[in-house]
Every structure is written in structure tokens, then in C-alpha cells.
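Engineer: Can you make the complete structure from the sequences, with help from the hints?
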Amino acid sequence: MGSTSPSGQSVDLAKLDPIYKKYEGMAKGSLIPVLQAAQDTYGYLPLKALDAIAKQLEIPISQIYGVVTFYAQFRLTPRGKHIIRSCQGTACHVRNSARILESLKSTLGVKPGDTTEDLKFTLETVACIGACSLAPVMMIDTDAHGRLRPDRIPKILESYSN
Amino acid sequence: MTTETLKRLNNAGDLDAMQSEALPKLAIRKDPSAQIYGGVTHHIMVCCDTGCTSSGARKILEAFEADLKEKGLDKTVDVVVIGCHGFCEMGPLIVVYPNDIYYVHLKPEDIPEIVDETVRNNRAVERLLYHDPESLKPIVHYKEIEFYAKQKRILLTNCGHINPESVSEYIANDGYKALAKALSQKDNTDGLLEEVKKSGLRGRGGGGFPTARKWELCRNAPGEKKYIICNADEGDPGAFMDRSLMEGDPHRLVEGMIIGGLIIGADEGYIYCRAEYPLAIRRLRNAISQAEALGLLGNDILGSGWSFHLHIKEGAGAFVCGEETALIHSIEGKRGMPTARPPFPAISGLWEKPTNNNNVETWANIPGIIRNGGDWYASYGTQGSKGTKVFALTGKVNNTGLAEVPMGITMREIIFNIAGGIQNGKKFKAVQIGGPSGGCLPDSMIDRPVDYESLIDAGAMMGSGGLVVVDEDTCMVDLARFFLSFTRDESCGKCTPCREGSTRMLNILTNICQGKGKPGDIELLEELARNIKLSSLCGLGQTCPNPILSTIRYFRHEYEAHIHERKCPAGQCVDLMNYWIDPEKCVGCGACKKICPVSAIDGYKKEPHIIDTKKCIKCGSCIDACRKTKAIFRK
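Top to bottom, those sequences are chains A and B. Here our numbering is used: the first residue of the first sequence is 1, the next is one more, and so on. Here our numbering is used: the first residue of the second sequence is 1001, the next is one more, and so on.
Just to be clear, a hint being listed does not mean it is correct.
What the hints assert, rightly or not - Using 25 Å as the maximum straight-line C-alpha spacing, the simulated PhoX-like pairs for lysine-lysine come out as follows:
(1) B:Lys1353 / A:Lys28
(2) B:Lys1594 / A:Lys105
(3) A:Lys105 / B:Lys1059
(4) B:Lys1585 / B:Lys1533
(5) B:Lys1059 / B:Lys1225
(6) A:Lys155 / B:Lys1177
(7) A:Lys155 / B:Lys1614
(8) A:Lys111 / B:Lys1614
(9) A:Lys155 / B:Lys1059
(10) B:Lys1618 / B:Lys1426
(11) A:Lys120 / A:Lys81
(12) B:Lys1225 / B:Lys1030
(13) A:Lys111 / B:Lys1225
(14) B:Lys1334 / A:Lys28
For the record, the hints were derived by calculation from the structure and aren't laboratory data.
Structural biologist: Shown next, in the form of C-alpha cells:
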């Protein structure tokens, strides 16, 4: 049954079984999709789960750790319920995205990469989400919010607080 | 997802039959007087790509569905979800057929009026039409708007005009005809390659390597098993051409890759798409499963005996994976770091097999070339750069959006005619082309034709097609610093010139922006840039100095003003300026005091306020709050 991760949360390793099954036939190059699916399941990648994946795929944990830390998408710590990605791409930059980020930081009281204490929001920056025509933009989970102004941020966040 | 019953097509004749069956349904979109099919009198096309969705297109879609149902019109009016129509600035936008009426900037409360007027009475609702910014006259048909009129859409022909989740709409518009034609010549793939050669198509990912020559290398490489890859890891900030294509016309990419596989001799392909594009991935998965159900992909395609399989790999967030060797390692499940070439992927690529990699736009051009012939494609463009190119127009222009233009058009036409010039009547300063690998072009360079060679000559590059226009308020040193901080973060760290060099250059640029620049910094930057270009392992490092070199080339005076006068001419570098309140203008309303996040503003009601420059974090909120009185300024 569930074992406990360093952060004190229990990790149900049985949830990995359907993921292994799905990528079973794909012997080669299945590590990244497996990690993506595992992160979808847990919200982050607990070390216990990485250990289990290493054994299952017969890939050294060192190599898995290397892959996890290389890609921006993978997280080793739990994240908030909602992920905010504030775009800092070129088009957003010239339309003052820095001020949007400032407003997000002051409203949430966290800096990029961190999660609010109530585990509601994680603030991240992203290089470009490809909605440049609506710059400055941010994504909250899978919703894109465009043509932002710093003073509109609190209201948008409020709509996610429940 | 659209649910269509799909029956396997066993030969080209079956495909023709499917097209004939699908055509009458779409007839009213092409001809207002066409016969009504299935009792459906109107098609309402709602743009729901990533751009319009974030402007609220989903609510428009729901409002139409609810209102039509309430009025008992849901059986006679089809609401069609389309991909990017191009004019993102105007979103949410719709087109109503027949009569092709174009509505922009819609709100859910506008919908009942459109249903009453346009659907019931076939009249346009004037206030919701696009209004020409100069004459202020309403324009009913989008084709008459200058943004569209100046474009040449041969690749985006379906984008925004068909339901991207319906394979029968794609087939109705000659979809998979090119594949059927290619399969009929499957014993003469030399002839097919010849068409690609004649088209003059060059890699649309940025490099501009002739596509046919690249294919030939992989085709002639020894080995039975070969792979093809589509690079859909569109990572350049400011670029969204590939996303729009995948979201708006996914089958075109799938068809292009199948034909490519046939010509190159590969039986398996991968689309490597960045995870930040969830809608594009969903549409591609849908397209692949539809093509498989129809027997257009998979085993024994169209009864020809030839098989080809296509997979999607989601990226995990690494810009360097746009580099082909890094991308290949990422597909293999490793860290996406580049390796030295040779061996080139054409000889030893994915799992050490010969591999050909092209970007989305290149692959998507193939069906048109095979269907209409290489000469048709080559009739567009210039001597050395054939065909069209899709650009993403962003930054401080009036008309942000997606535009496809023939090669050889001038940058001035793109910026001032299609993109409608600069916002708020400001002055044009430069256009950044080619993202973090490219450069900028100032006013003096934008009358040159847009083609691969002349852009390189001007110190920029075609890149994948992101155009970021900046105005007089943008600091060019800060822009260069911005790009460097991007490439520094994205450098994989494998080779020293890129890892250490980008950090060093960024430090120097940051110092200059903070007023700590030293005489000689410009020369030092130039020297570092030259060395990094020469000695880096992959394209990321080799091109990362370009934004610095091109801004120094055209805007050296801005660097000099920062270093020698401690001034930012554009007034953007926060460390080189302060905020002030003009006591003559301030009416003491207190709006600035209220909004200031650090309580740096003080003053009595109805008396001029003051800013404590020591506390001020220069966030600019007070300027926004004082928009009417305009009493706050930066200096």
C-alpha cells in the first residue's frame, strides 16, 4: 500500500500500474511519457514514484533524475491546485509582462516557482505560450487570459479561489 | 470531438466518393446561392483557437447554441468550431455563411441580435462588423479588409475555414488527394522528389536548407529502417504559426508527413510537439485516429500495400529541443542535449537510424506541392526563396495575428499594411525577426524584400516566422538583455562557450541597463559574440549573440547613452529613471496613493501629491491610475 514520501504525504504506487500498462508496448523511449503521466496522476513526481519507475523500466534512478531535472515541466515538490503560468515571452515583454508578474507576486505573496501556503496556487513563468497576439497573457491551468492589466489580476485570481 | 462514422477507404476511388458526398454539405460556404443541404440554411463559424478562446470565444459558442435552441433553429443552423482565422486582434470573431458576414469583438449579449437579424432576416448587424480604421466604414466581407486582402493564403487555405476536427471537411477541400496521387506513383518516387525539388521549398524552421536536398540525403542513406520527424517544438517566444496550423488544419500536416515518408522511404514518423500546446496535441491525436480509421494512415494505405505509422511525442519544456539532435535524444527518452554533427541525422539519427526532420510549416506545404505540382508553388516568391511564408504578427502593432505572404514582399508592407501600423500613433523603431536567434531591422532596412538571403545580409534571419514589432518606447539594450536572459536560461549547459558565454554577455547587458556600464563594454560584447558564434556546439549557442550584434549594429547610440550618459533614451530601464508628479497638473484625487503597492505616495486630498523615490519600486501602477490627468511622468 501507500508508502510515505519525505514531505510526509503518502504515495499510492498502485496508481502507476495503469501507466506502465499503457506504455508497455513502447519499449523504447517511454520514459518521458511515463513521467508525464505519473506527474498528471500525483501532481508532481514523488521520489518514491521515481524509484518505482526506475525498477519497472530498468533504467538507473540517476538517469531518471537527470531527465527530470533537465525539463522544465517536471516537479519534485507538490504544487498548488491551480498552476499560474505568467508569460514572459518577447511579445509579452514588450507589452509590459514584467508588471503583470509583479502584480501576481504581490497578490499571491509568492515568487515564481513557489506555491502559496494554502496549496491553492503555484506561480510559474513561461517563455511563450503562443498567444502572443493577446499579450500580455497568463495561463491558469489550461485557460489562457489575455490583454491583462496589473489591476485586473486580483479579480481573475478570485474567480479560481473556490 | 466531432463524431463521424468513418469507413475504411480501399482505393483512390473510395476517396473521391467520400469527397463527392462531403461537398454538398459545405456548398453554402462557397456559393451563397448553392442548394440547401440537409435542411441546414446557415453555417456559423466560430474561431476557437488558443487566441480567440482566451478572448472568450467559448462563451460565444455557448451563447449561439443556447439562443438557437431557444428559437428552434438548432436543426437548421450549424455552429462550426474553426481554428485560427488569422485576425487574433479582433477576437472573438465569427463568419456567417451564406453571404460570408464577418463579425468581430463579440460579446455573449450580441448573439441573439445576430440570430434574429443575420440568420432569420439575412441582414448584417452593422455595429458588430469590422470598421475600417481610416474611413470608419463598416466592412461586411473579411476578404475586403486590408489585413486579409494583402495576404496570399495557399498554405492556410483551410485554416479558419473548415472544422479542424472533421476529416470529411478536409477531404471535401481536396484533402488526401495529394496522398492518393503520390501513391499512384509509388514506384516512381524519383518523380515525386523531382516535384519537391522544382517547388524550391526551403526549410521553414529557420535555416532555409532546401527540403528536397535534405530528403535526398536521408533517402540515399544506407539502411532499411528510416524515420521522419516533425519538429513542432515551436519555442521561439513571439511565434505561433505552427500552433495555428496544427490547431486549424491538422490533417494537412499528417498528409504531408505520409507523403514525405513515401518519398524518403520511411515507415514511421514522430511529431514532437511542445506540451504547452494542449489543443494542438488534441487536434493532432484526433486527426491521426481519423486517418487511421479511414485507412489513410497505418497498414496498407488506400489499398496500396504500403504502410506508414505516425506517433505524437509531447515535449517536456526545453527550448534546446528545437535543435534536431537534441530533439532526437528527447524522443529517445533522454536529456535533450545536442550532439556534434557529423554524423548527421540523415545518416544516423533516431535510434541510430537515418532520420529526416522538418518543421510543421515545411511538412504542411507538401500536399499542395504534390497536388498542384512544383512549378505552381515556385510561381510564388522570389528567385532564391520560393512560395509563401506564414508570419506571426505581434508586439506594438494594431493588427496582431497570423499572416501568410508571398516571399519577396517588403517588411514595410507587412507591418504597415497587413499589421496596420503601430499602436497609439507611436513611432516605429524596429522589428525583431527570428526570435532569440535572429536580429532586428530598423526603419532603414524594412523596404528590402523578405527572403532568406536579404535577411541574413541585414543581420537578421528568417527564423520560424515570429515578428515582434517594437516602438519608440522599447529600449533596444533591454530587448537584447531580454533575449540573452532567455537563451542563458535555456542553454543546456553542455558546451562552455554557450553556457559561460551567454552568462557573461547577460551580466554585461544587465550592468549597462542598470547604469553600471563601462567604456569598452560594447567592444567586449562584440568580441564575446564573435567567439561564441564560432565555438558553440549547436544552433542555440551559435545564434544567441545575434540579438546583441544586430542591436549594436543599428542602435549603438542607445548603448552609448546608457554607458556614457547613464540614460535610457526609451525611458524603459527602471534603474535609470524616477517617477515624478507634476504639481501643476496634480488635482489631488488620491487614485495614485490608493493604488501604490508600497505606499510611496503621499499627499492631502485636493492638494498635489508627492512620490518618495526611495520607496518607489517603479512598477508604473500610478501612471495607469493617473491616465486621465496625466500628472505622473518618468524621467
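Engineer: Compare the structure with each hint and give your call.
Structural biologist: Hint by hint, here is what the structure shows:
For the given pair, Lys1353 of chain B sits about 14 Å from Lys28 of chain A by alpha-carbon distance, which is consistent with the 25 Å threshold. With a CA separation close to 18 Å, the supplied pair Lys1594 of chain B and Lys105 of chain A stays within the 25 Å bound. A distance of roughly 29 Å separates the Cα atoms of Lys105 of chain A and Lys1059 of chain B; the hinted pair therefore is violated under the 25 Å criterion. For the proposed pair Lys1585 of chain B and Lys1533 of chain B, the alpha carbon gap of about 52 Å is over 25 Å, so the pair is violated.
The straight-line distance between the Cα atoms of Lys1059 of chain B and Lys1225 of chain B is roughly 48 Å, outside the 25 Å bound, and the hint therefore fails. Taken as a hint, the Lys155 of chain A and Lys1177 of chain B pair is broken in the structure, with Cα atoms around 51 Å apart against an allowance of 25 Å. Proximity of Lys155 of chain A to Lys1614 of chain B is assessed by CA-CA distance (about 30 Å); at most 25 Å being required, the pair is judged violated. Between the alpha carbons of Lys111 of chain A and Lys1614 of chain B the distance comes to roughly 23 Å, so the proposed pair stays at or under 25 Å and holds.
For the suggested pair Lys155 of chain A and Lys1059 of chain B, the alpha carbons sit about 19 Å apart, so the restraint of at most 25 Å is met. In summary, the hint linking Lys1618 of chain B to Lys1426 of chain B is supported, as the alpha carbons are separated by about 22 Å, within the 25 Å threshold. Simply put, Lys120 of chain A and Lys81 of chain A have alpha-carbon atoms about 5 Å apart, close enough for the 25 Å limit, and the pair holds. Proposed proximity of Lys1225 of chain B and Lys1030 of chain B is contradicted: the alpha carbons are some 44 Å apart, above 25 Å.
Straight-line distance between C-alpha atoms of Lys111 of chain A and Lys1225 of chain B comes to about 49 Å, which puts the hinted pair past the 25 Å bound. Pair hint Lys1334 of chain B plus Lys28 of chain A holds up; C-alpha atoms about 11 Å apart against a cutoff of 25 Å.
When held up to the earlier numbered hints, the structure conflicts with 3, 4, 5, 6, 7, 12, 13 and fits the remainder.
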